[in-house]
Amino acid sequence: MQDESLAAVSDVEVDKQDLDASIAQFAGWNAAYYQGVFHKIHAATSPIPLTFNWVAGLLGPIWAAGRGVWGFFWTFIILETIAWVQIGRGAWGNLGAEDLAKAERQRERASSFAEKADAARAAGEDPGRLETLAGNMTRAAEQSQAAADEANAAAIGILSIGLAIMLALKLVQAVYANIAYEAQYSRWRIDRNVPFGWNGKGLVLGSLLFAAIVPLTVYKFTVTSVPEVLEAFPADKALYASAADWLEGVFDAAAAGGAGMFDGITAGIRWILEALTVALIGAGHRVAIFTAASLAYVAFLGYWEISMETVALVGAAAFLCVLFGIPLGIWFGKSPRAYRVAEPVLDFMQTMPAFVYLIPIIAFFGTGNPPGVLATIVFGMPPVVRLTALGMRGVPDTIKEAASAFGASRWQLLRDVEVPLALPSIMTGVNQTILMCLSMVVIISLIGGGGLGKVILEALQYAAKGPGLLGGFAILFCAMVIDRIVQGGFRRKDQK
Amino acid sequence: MREIVVNIEDVWKIFGPETEVERALEAVKTQGLGKAGVLQEFGCVVGVAGASFSVARGEIFCIMGLSGSGKSTLVRHVNRLIEPTAGRIEILGRDVGRMSAKDLREVRAKQIGMVFQHMALMPHRSVRDNVGYPLEIRGEPKSRRWAVSEHALSLVELRGFEDRLPKELSGGMQQRVGIARALASDPEILLMDEPFSALDPLIRRQLQNQFKALVDRLQKTTLFITHDLDEAIRLGNRIAIMKDGAIVQIGTPEEIVTRPADDYVREFVQDISKLKLVKAHSVMGPLDEAEGDLSAAPRAAGDSDLDRLIDLSVGSALPIVITDAQGQDIGLVSKARLLRGIQGGKD
Numbered sequence: 001m002q003d004e005s006l007a008a009v010s011d012v013e014v015d016k017q018d019l020d021a022s023i024a025q026f027a028g029w030n031a032a033y034y035q036g037v038f039h040k041i042h043a044a045t046s047p048i049p050l051t052f053n054w055v056a057g058l059l060g061p062i063w064a065a066g067r068g069v070w071g072f073f074w075t076f077i078i079l080e081t082i083a084w085v086q087i088g089r090g091a092w093g094n095l096g097a098e099d100l101a102k103a104e105r106q107r108e109r110a111s112s113f114a115e116k117a118d119a120a121r122a123a124g125e126d127p128g129r130l131e132t133l134a135g136n137m138t139r140a141a142e143q144s145q146a147a148a149d150e151a152n153a154a155a156i157g158i159l160s161i162g163l164a165i166m167l168a169l170k171l172v173q174a175v176y177a178n179i180a181y182e183a184q185y186s187r188w189r190i191d192r193n194v195p196f197g198w199n200g201k202g203l204v205l206g207s208l209l210f211a212a213i214v215p216l217t218v219y220k221f222t223v224t225s226v227p228e229v230l231e232a233f234p235a236d237k238a239l240y241a242s243a244a245d246w247l248e249g250v251f252d253a254a255a256a257g258g259a260g261m262f263d264g265i266t267a268g269i270r271w272i273l274e275a276l277t278v279a280l281i282g283a284g285h286r287v288a289i290f291t292a293a294s295l296a297y298v299a300f301l302g303y304w305e306i307s308m309e310t311v312a313l314v315g316a317a318a319f320l321c322v323l324f325g326i327p328l329g330i331w332f333g334k335s336p337r338a339y340r341v342a343e344p345v346l347d348f349m350q351t352m353p354a355f356v357y358l359i360p361i362i363a364f365f366g367t368g369n370p371p372g373v374l375a376t377i378v379f380g381m382p383p384v385v386r387l388t389a390l391g392m393r394g395v396p397d398t399i400k401e402a403a404s405a406f407g408a409s410r411w412q413l414l415r416d417v418e419v420p421l422a423l424p425s426i427m428t429g430v431n432q433t434i435l436m437c438l439s440m441v442v443i444i445s446l447i448g449g450g451g452l453g454k455v456i457l458e459a460l461q462y463a464a465k466g467p468g469l470l471g472g473f474a475i476l477f478c479a480m481v482i483d484r485i486v487q488g489g490f491r492r493k494d495q496k
Numbered sequence: 001m002r003e004i005v006v007n008i009e010d011v012w013k014i015f016g017p018e019t020e021v022e023r024a025l026e027a028v029k030t031q032g033l034g035k036a037g038v039l040q041e042f043g044c045v046v047g048v049a050g051a052s053f054s055v056a057r058g059e060i061f062c063i064m065g066l067s068g069s070g071k072s073t074l075v076r077h078v079n080r081l082i083e084p085t086a087g088r089i090e091i092l093g094r095d096v097g098r099m100s101a102k103d104l105r106e107v108r109a110k111q112i113g114m115v116f117q118h119m120a121l122m123p124h125r126s127v128r129d130n131v132g133y134p135l136e137i138r139g140e141p142k143s144r145r146w147a148v149s150e151h152a153l154s155l156v157e158l159r160g161f162e163d164r165l166p167k168e169l170s171g172g173m174q175q176r177v178g179i180a181r182a183l184a185s186d187p188e189i190l191l192m193d194e195p196f197s198a199l200d201p202l203i204r205r206q207l208q209n210q211f212k213a214l215v216d217r218l219q220k221t222t223l224f225i226t227h228d229l230d231e232a233i234r235l236g237n238r239i240a241i242m243k244d245g246a247i248v249q250i251g252t253p254e255e256i257v258t259r260p261a262d263d264y265v266r267e268f269v270q271d272i273s274k275l276k277l278v279k280a281h282s283v284m285g286p287l288d289e290a291e292g293d294l295s296a297a298p299r300a301a302g303d304s305d306l307d308r309l310i311d312l313s314v315g316s317a318l319p320i321v322i323t324d325a326q327g328q329d330i331g332l333v334s335k336a337r338l339l340r341g342i343q344g345g346k347d
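Protein chains in written order, with the working numbering: chain A, 1 to 496; chain B, 1 to 347.
Bear in mind the hints are in silico, worked out from the structure with no lab data behind them. All C-beta atoms in this analysis are idealised placements derived from N, C-alpha and C, irrespective of residue type, glycine included. Each hint should be verified, as a subset may be incorrect.
Said to hold, decoys possible - Here are the simulated DSBU-like cross-link-like pairs (lysine-lysine), alpha carbons at most 35 angstroms apart as the crow flies:
1. A/K201 with B/K167
2. A/K102 with A/K454
3. B/K335 with A/K400
4. A/K102 with A/K201
5. A/K40 with B/K110
6. B/K35 with B/K167
7. A/K334 with B/K167
8. B/K102 with A/K40
9. A/K454 with A/K465
10. A/K400 with B/K276
Stated by the list, open to error - Each pair of labels, with its calculated beta carbon distance range:
11. A/W74 with B/L202: 45 to 53 angstroms
12. A/A24 with B/D103: 37 to 45 angstroms
13. B/P201 with A/N30: 35 to 43 angstroms
14. B/G160 with A/G315: 40 to 48 angstroms
15. B/I4 with A/N30: 53 to 61 angstroms
16. A/F324 with B/A198: 56 to 64 angstroms
17. A/V194 with B/P201: 37 to 45 angstroms
For reference, chain B alone in the conformation it holds in the complex (with noise of 0.2 angstroms):
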């Protein structure tokens, strides 16, 4: 197991008034008061209602969830911008709500780097002083900030536009210089809010492929928010779906599009394509499925997904056979399973 970066433990987080907040809370969790049922009788607003979860090194966590299901106020707490009701946040074995201001602040600098829907640059800096921004904040020098965010904005191409002014650069390299901000400190934690949601479709495919590959290689640990379940299954190793501040279903991509846990998940799913999230092992049926020979059938590992699938069907009337590690026959995905996969799991 790797080692856990990020561990929250039943945060819940109710915004209303000082003396209202905890009343609410007890309400909610002995009496299973809900959303609406808190807001008309507390005047509470329940923005994260027991989330649990943990992140390991180098893994994407994507949180998806509609606007105002809690995703941005529960990555929030992570380095503490909005203060928890109840639960625990821990960073690295550390508790965050336990830190200093001083201590607080230095994680901030230090480990955690943030990057937000609307950019959030300083418009009257240049782009080299927004990247070095968060090392000026910790008083290093400005040779070494240079340095540094020269090599930050190499990592998102962006060398020859540093002393330009953020306005002076279009949307999507504006999103990349937040994302050589975020990098500048070298950080243990990337938390990205909504990073490519204002950006027009063609940039963002490429800004998430670019992301990916990058984040791949430097083993960040990050926590991605979005409302584009296409989003979270093209760059997250993990999803946390979300609903009215709860957390509904964690599952890598494939779970969650193959065993959706509730009415809700399932209708986000049903748009997916699922060719390249569907196994083999996941549509396979069994050995005895066929009659007759099966000896000239194309042959897949349990781990091929269906568009692989696809092309061998194309070439043979026969079903394909899958396979184990060892090249054992393990069991057959006919024409029919095929097409019923296809369609997402269908009976």
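The following block holds chain A by itself, in its conformation from the complex (with noise of 0.2 angstroms):
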């Protein structure tokens, strides 16, 4: 062993012309920057260095899209549409429109009302009643108009609210972008299939994106009459129905071919799901060209609106489940008798059938979707809470221990030792939980929830064959892109 050892360790020193050829290597073009802020974060001992990156603050999602940050790239993408709809809201969205257009159908009957009673007084007749209802309707019509000013009036706070979100989402990316930065170059140095350098291909891509969600989500939003067009693509009715009339014309053949027929059906679903799984194994583009596939169906067959409904009640669901279910899971890990006392609890929530808690449900929190939401959460968090609590037990005692010999805190143990060897175990809940909640749609649409279910629901209740599994395999493949895009955000090198 080399003498060199023998220094102070108070006085070594990371060599400095190794890391700077490793960054630049790593960041390719503007590497001089780079090196630069990534020295000032390792030197920082606050856990947010401040270091202002302004080109990422000004371009923002596309920023980290040409970088290959991709969870900065998603994460600010959705909160800078936000910030855009809020904008677009009070710049031109005439929030007054609704209310506008009431007052003036109130004044045209209020005006016919006041005709007729004319007619009435000119033909000898009581215009009293008439002459009621016409007063009446102006007067609604006046309320109507003012509430309609008042909406036009706070056009100009909501406006200034979404300049001053959008202006604080440009500080934290810009804040944000180098930690982010920097903590990919770190995850490059341990795995080098990690994007590094500045990456046309992605620019490309993200901007792409940007340039596709960010208007139409903006323009869905502040525009009151969707075009046509927009409403219309891309569903197509006569595929839709001719695809239907085929199924139910399959269905009828086969009820009449007998039961192998139907054995053969299923045989044959079940390859093509198997097909598709194996499919799925691959990583990367592959589960691209699935989710492409799948969203195409969804869309040509009509299916588009009433799945991105399902998709927003599933995940409003979903993101509930994981929000309380982690953190219990966690508590369920660590405690075994709080784990005692809820397993009965788990047990209930999964096994009773949905039927039974509907109707407290419908009585205390009435119909529709957020009590449908609230009966999905019943059923689909026990997956995660369990889940989590198997993969915290499951963290090898022996490397707690070492954590605590080094003098971990519980805190810095958690977050550091048992949350990161636990997350397999806690994705493949959150995974269980999402199919959970996902088979909840058609439980919820008798409760009068929305999206898929309540097609599937009708197909039922006209016993349609075809349009029950069209919507089915639309529910299907909801869940699996749902779930590829999840896992795949989760995967890491360690584990595969």
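Using the hints, build the complex out of the two chains.
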């Protein structure tokens, strides 16, 4: 062993040249800037080192796409879209439009009542009732007009809130960009498959996504009358009808053809599913192709809007399940006593038929989407709780002991050891929860929930086999797309 | 006398239900109840029974015993991963048992490095981040962590592997990462919990030599647990032998080998090669044992080992004369005494 090792530990320094060369290799274009900020971040003791990357702040998600920081890209494209929607609503959203139209209608009816009253008077009848109606209608029109004015006045407020959010987002991105990029650099040092350098393809893809998502969303939320083309696209009613008819025919033939035919169909579907699964095991672009194909299926059969409603419902329910389920799971994983108490409750949530608790849910919360989400949470939460607890208990004691022996506090132990090591199990739980939530969409349509469940419920009521199956496949594809995207986002090198 | 770094006084650890532990301890101390008796009467398990020793700065103190003898339990009292039932543990004069949780974390992070039998590296972190973890806990900036982990990795000759994940390394290399992690915070004390037991013999020998050289140079006070007496003799300045939670004998390797305290220790010692351990002054006889002129006889110092004496004996028909530091003859080692010495002190 070399003698230099006897140098006091407090004097040792990193090999700056080596580090700089490595950062230059990672950053590619504009390396000098990133060498500077990475050194600053490395030397910082505060949890949020303050460096400002103005290019990243200004370009936001597009910078992230060019640099291949996709987590940053998706987070901020969503947040920026929200800000843009606020700005759009404030600037040209014509917020009072609905009330204004109402006022117009009411005024017309008022004048028509007034005319009728005049006519009645001319005919020598009593116009009192019609005059009262005309008076009431005029007052209602005035109220609507006032509401419209108020809404228009609020536009300034909404606009400034939108601008403030945007400004704050830009600032957050400017500060956070370098931190996120440095984290990516650290990952890249371990795993050379992590994207690095300035990436033209990513830039183009990111810009396209940005150009597609932001204006369309803003347009959808700010323009009151969406043009026919956009509303109809990409549904093709004729295709839907013919596909449904064809399926109907197949079913009838199958029913006539007897049991053998059914077995054939079951085997066929299973074969297709297995083929799909095998295709999906390969990562990356295959998932993208599958996603595109699934979305195309959903879109061209006219399920787009309704599928998005389902995704929103399931997404909300799954998000809430994960938000509460993971902390609960961590607690149950650490405290066997709490888990013993919770276990029967979890069993109850999973096994009790949904119809049983739908009744009290209707009694307390009424019908529609929100109680539907509630029912979904009851059914969907247990897997993520159970699997988080399982993962926490599976963390090797030796590693926990080692962290404690080096002085880790309980919080550090949780953050650095327990959660990262339990993550594969937690992610399986999240996956199960998403799938369970999706399986609830038909049930919640019974209490007035919308989405694809309603399609299937209607098909059930009319024994319409074709539309039922088409809707079922739409649910399946929604589930698989969501799941693959969520799982793909959390794949790490040490689990490959 | 060198500074005492770790001092352990009459430490007891009894595992069991809280209500029983106190009574069990009382019974063991006053009535001399045995391990089996405690289990039967109180449902408690004796982990450590009245252990006392102290370790000086720079010393390698080996704790040897079979599995279940309480050696791992004992060493975990030093950084209070296990709370003692009774007794006192001091590190550099500070009572570990009285420290607040914050002070204890600070001592663990700054003054004690620990290496584990099963490495216990974090599988999701690179080698660099594993080694730098003790500093990360202390909130040191990344530049410092990287510099120190590179330094520590160079101490165990693992430069160039910083960006690998632990699973990409062999067992021996992983354990070197473990040692680097223990050295990263530049601690006063190293706790080694059977670090080389899970490795194959060749790698084990190599790591033992590396480790010995490293600790001698860095002057780290080391508590080294092992179930292998060979390893204890090779590494330790002193050895404590444990049985059923109690320390049976403490001594230098030579003392343990030449004067085992009881049959238990003797059983361990009998298969150990004495060539490098037994010194001339412990096998020599009086000068008048041989007759005739000894001026041509080979001469050796009192601290020559048997290996050296054999070399001398092979080259001469005469017995070997042992001299003191001034060159005065003080004793004789005849062929008979030499052979008996090799056998291990059988008379």
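So, going through the hints one by one against the coordinates:
no.	hint	in the structure
1	A/K201 with B/K167	holds, 33 angstroms
2	A/K102 with A/K454	holds, 31 angstroms
3	B/K335 with A/K400	violated, 57 angstroms
4	A/K102 with A/K201	violated, 49 angstroms
5	A/K40 with B/K110	holds, 25 angstroms
6	B/K35 with B/K167	violated, 41 angstroms
7	A/K334 with B/K167	holds, 27 angstroms
8	B/K102 with A/K40	holds, 29 angstroms
9	A/K454 with A/K465	holds, 14 angstroms
10	A/K400 with B/K276	violated, 41 angstroms
11	A/W74 with B/L202: 45 to 53 angstroms	holds, 51 angstroms
12	A/A24 with B/D103: 37 to 45 angstroms	holds, 44 angstroms
13	B/P201 with A/N30: 35 to 43 angstroms	violated, 53 angstroms
14	B/G160 with A/G315: 40 to 48 angstroms	holds, 46 angstroms
15	B/I4 with A/N30: 53 to 61 angstroms	holds, 57 angstroms
16	A/F324 with B/A198: 56 to 64 angstroms	violated, 41 angstroms
17	A/V194 with B/P201: 37 to 45 angstroms	holds, 40 angstroms
Hint compliance for this structure: hints 3, 4, 6, 10, 13, 16 are not met, and every other hint is.
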